[in-house]
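Engineer: Protein chains in written order, with this note's numbering: chain A, 1 to 332; chain B, 1 to 332.
Treat the hints as calculated values from the structure; they're not laboratory data. Honestly, I wouldn't trust all of these hints.
[Said to hold, decoys possible] So the derived label-pair ranges between C-beta atoms look like this:
| hint | chain 1 | residue 1 | chain 2 | residue 2 | range |
| --- | --- | --- | --- | --- | --- |
| 1 | A | GLU204 | B | ASP52 | 53 to 63 Å |
| 2 | B | GLU87 | A | GLY288 | 32 to 42 Å |
| 3 | A | PRO188 | B | ARG26 | 26 to 36 Å |
| 4 | A | ARG174 | B | GLN183 | 12 to 22 Å |
| 5 | A | ASN27 | B | ALA251 | 53 to 63 Å |
| 6 | A | ALA175 | B | ARG26 | 27 to 37 Å |
| 7 | A | LYS184 | B | PRO267 | 30 to 40 Å |
| 8 | B | ALA75 | A | ASP103 | 55 to 65 Å |
[To be verified] Only pairs whose alpha carbons sit at most 30 Å apart, straight line, appear in this in silico DSSO-like list of lysine-lysine:
| hint | chain 1 | residue 1 | chain 2 | residue 2 |
| --- | --- | --- | --- | --- |
| 9 | B | LYS39 | B | LYS184 |
| 10 | A | LYS270 | B | LYS184 |
| 11 | A | LYS143 | B | LYS148 |
[Claimed, not checked] Covered stretches of chain B, going by a simulated chain A footprint (3 or more residues, C-beta under 8 Å):
| hint | region |
| --- | --- |
| 12 | 219 to 231 |
| 13 | 271 to 280 |
The beta carbon of each residue, even a glycine, is placed where N, CA and C say it ideally should be.
Number of protein chains: 2
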Amino acid sequence: MGEKNVAVAGATGAVGTEMLKVLEQRNFPVKNIKMLASKRSVGKKLTFRGEDIPVEELSDDSFSGIDIALFSAGASRSKEFASSAVEAGAVVVDNSSAFRLNDDVPLVVPEINAERVKDHRGIIANPNCSTIIAVVVVYPLHKAAQIKRMVVSTYQAVSGTGAAAMAELDQQSRAYFANEPIQKEVYPHQIAFNLLPHIGDFEENGYTSEEMKMRNEGRKIMEDDSIEVSCTTIRVPVFRAHSEAINLELAKDLSPDQARQVLADAPGVKVVDDPENNVYPMPLDATGQDDVLAGRIRRDDSVEHGLDLWVSGDQLLKGAALNAVQIAELLL
Amino acid sequence: MGEKNVAVAGATGAVGTEMLKVLEQRNFPVKNIKMLASKRSVGKKLTFRGEDIPVEELSDDSFSGIDIALFSAGASRSKEFASSAVEAGAVVVDNSSAFRLNDDVPLVVPEINAERVKDHRGIIANPNCSTIIAVVVVYPLHKAAQIKRMVVSTYQAVSGTGAAAMAELDQQSRAYFANEPIQKEVYPHQIAFNLLPHIGDFEENGYTSEEMKMRNEGRKIMEDDSIEVSCTTIRVPVFRAHSEAINLELAKDLSPDQARQVLADAPGVKVVDDPENNVYPMPLDATGQDDVLAGRIRRDDSVEHGLDLWVSGDQLLKGAALNAVQIAELLL
Numbered sequence: 001m002g003e004k005n006v007a008v009a010g011a012t013g014a015v016g017t018e019m020l021k022v023l024e025q026r027n028f029p030v031k032n033i034k035m036l037a038s039k040r041s042v043g044k045k046l047t048f049r050g051e052d053i054p055v056e057e058l059s060d061d062s063f064s065g066i067d068i069a070l071f072s073a074g075a076s077r078s079k080e081f082a083s084s085a086v087e088a089g090a091v092v093v094d095n096s097s098a099f100r101l102n103d104d105v106p107l108v109v110p111e112i113n114a115e116r117v118k119d120h121r122g123i124i125a126n127p128n129c130s131t132i133i134a135v136v137v138v139y140p141l142h143k144a145a146q147i148k149r150m151v152v153s154t155y156q157a158v159s160g161t162g163a164a165a166m167a168e169l170d171q172q173s174r175a176y177f178a179n180e181p182i183q184k185e186v187y188p189h190q191i192a193f194n195l196l197p198h199i200g201d202f203e204e205n206g207y208t209s210e211e212m213k214m215r216n217e218g219r220k221i222m223e224d225d226s227i228e229v230s231c232t233t234i235r236v237p238v239f240r241a242h243s244e245a246i247n248l249e250l251a252k253d254l255s256p257d258q259a260r261q262v263l264a265d266a267p268g269v270k271v272v273d274d275p276e277n278n279v280y281p282m283p284l285d286a287t288g289q290d291d292v293l294a295g296r297i298r299r300d301d302s303v304e305h306g307l308d309l310w311v312s313g314d315q316l317l318k319g320a321a322l323n324a325v326q327i328a329e330l331l332l
Numbered sequence: 001m002g003e004k005n006v007a008v009a010g011a012t013g014a015v016g017t018e019m020l021k022v023l024e025q026r027n028f029p030v031k032n033i034k035m036l037a038s039k040r041s042v043g044k045k046l047t048f049r050g051e052d053i054p055v056e057e058l059s060d061d062s063f064s065g066i067d068i069a070l071f072s073a074g075a076s077r078s079k080e081f082a083s084s085a086v087e088a089g090a091v092v093v094d095n096s097s098a099f100r101l102n103d104d105v106p107l108v109v110p111e112i113n114a115e116r117v118k119d120h121r122g123i124i125a126n127p128n129c130s131t132i133i134a135v136v137v138v139y140p141l142h143k144a145a146q147i148k149r150m151v152v153s154t155y156q157a158v159s160g161t162g163a164a165a166m167a168e169l170d171q172q173s174r175a176y177f178a179n180e181p182i183q184k185e186v187y188p189h190q191i192a193f194n195l196l197p198h199i200g201d202f203e204e205n206g207y208t209s210e211e212m213k214m215r216n217e218g219r220k221i222m223e224d225d226s227i228e229v230s231c232t233t234i235r236v237p238v239f240r241a242h243s244e245a246i247n248l249e250l251a252k253d254l255s256p257d258q259a260r261q262v263l264a265d266a267p268g269v270k271v272v273d274d275p276e277n278n279v280y281p282m283p284l285d286a287t288g289q290d291d292v293l294a295g296r297i298r299r300d301d302s303v304e305h306g307l308d309l310w311v312s313g314d315q316l317l318k319g320a321a322l323n324a325v326q327i328a329e330l331l332l
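Just chain A, with the same shape it has in the complex (with noise of 0.2 Å):
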């Protein structure tokens, strides 16, 4: 287990800073660090345990001696450079959506399906952030009593969309308050105090791209096509944490308590369902946790073993950078 020469593409996005600070806080065993953005970022500095490294340019050349290459810079990049990596020897793990559902690329949770890391050839992906949130919770669920049907609402943070969309809302806020023009850049529509029920493209059998990510690469992680779930995934104005109503029909009974008992043993999953003391899922409280929380998981009557939970989870830490890097010690 020596020391790896890592590349982080994409390292002045929100995903990327945040996997900077992963890597930092893990102690992952970094020998050198290369930090790749586009052109637009080169000139800049990244701080890496104390020490101020220059952005260079995301290129064809730029793997060269790299062992592990994390990808955030969108899928298109991704498909642009991720084969470079791969023929310069690195591994990628990569948080966009271009390689999925390739069949010869594992979609990895570490909690959920660590062993098929050993399956790649050269490209890990790393799953959609509703995703992610919402299979660490599930599968446990899953495994214990059989999901044969899910219906998910997500209740989605801007840092999904990037660290623009991010601004955007707290620019759009504080022109609300100062009451001057909302400007609109990132979004189509004016995200502060207002919903989108509207993220990624729309797709012919009207579902968006990302609700239906959430059956696909659901499916995928889980290792179970019969599987049936139904999405709705909405843009919520909240900074960085993203929750899901999650409604599920199991194949036996599965009580309340033996849920929260499921879920308290579950790694990655922190059991938060004390609501008579207010206490619950909030995405305040998941921003900067690790773990995805989980409550107000009740027994729902109006199917057979129906059950209904809530949880919250940061977008930029499980949903993406630290499912990264969880990915990459895997590779250790």
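Chain B: place on chain A using the hints.
Structural biologist: Positioned in the frame of chain A, the structure of chain B alone reads:
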């Protein structure tokens, strides 16, 4: 259809204020209007049709000569004073939860069950806001294809808690930007840039009272106890329109196009469903509108005859004041 003497109990509140505006805008035939509120508000004046009218203290003696009493002063005030209004000869339209499930109290959404108004024995109940906004949209679909089960996740504005909550969202957001401490008075946790999975009181089954209203009031209004409902209600940092992700399991097939046609013909509903052009319901657009906006209509293949939709409606208008005044109009 002569003019009526009207009393508004809770006239200074968020809903009461809106009731006065709606009475004006719809040219309700008001002979005289009485502004009733708690002792605290005595001394204030409220404007109706350009006239400043002093606020009087709500008491058992408030209703002499009153034909119609619109109550929106909370369930405990309704329980305390509605009988005095009825004894004085008024018909009470009550916006609180006090009498909604009483067998001898009609629970009315005029677009759905206007004819129930005639069964009243002095009190007609106005349903819960998130329930009204859901049933106005799903009832026409129920008539077309029979709802077997609905799973609803709500995204509820702070106006549902009242004027003080609207001020709290405003103040907390300003404090956030001013780096000042966040004051919490109305809600147990910060609502600015956060979500609260807590509306109403927690019941023994783990659902909140607000969540159970969707089932219990929904069934009473639609007059069908066979409809299964599970609901998760979430408070979001939005000022005054509620939104809801609604997943329906129908008894027979209804295509998205058929559903759109049914809703295009439905009173109180406006179909806003052109996602390719970024057109879908949003709370900002629903604000100030009488109609509930319905969109994101799509087939849910995760269950037989499944249908998904997304709605937004003004909580203070159709969710409260408008529906109450529409009930009063049925009394003319």
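Engineer: Checked against the structure, which of the hints given earlier come out wrong?
Structural biologist: Those not satisfied come down to hint 2.
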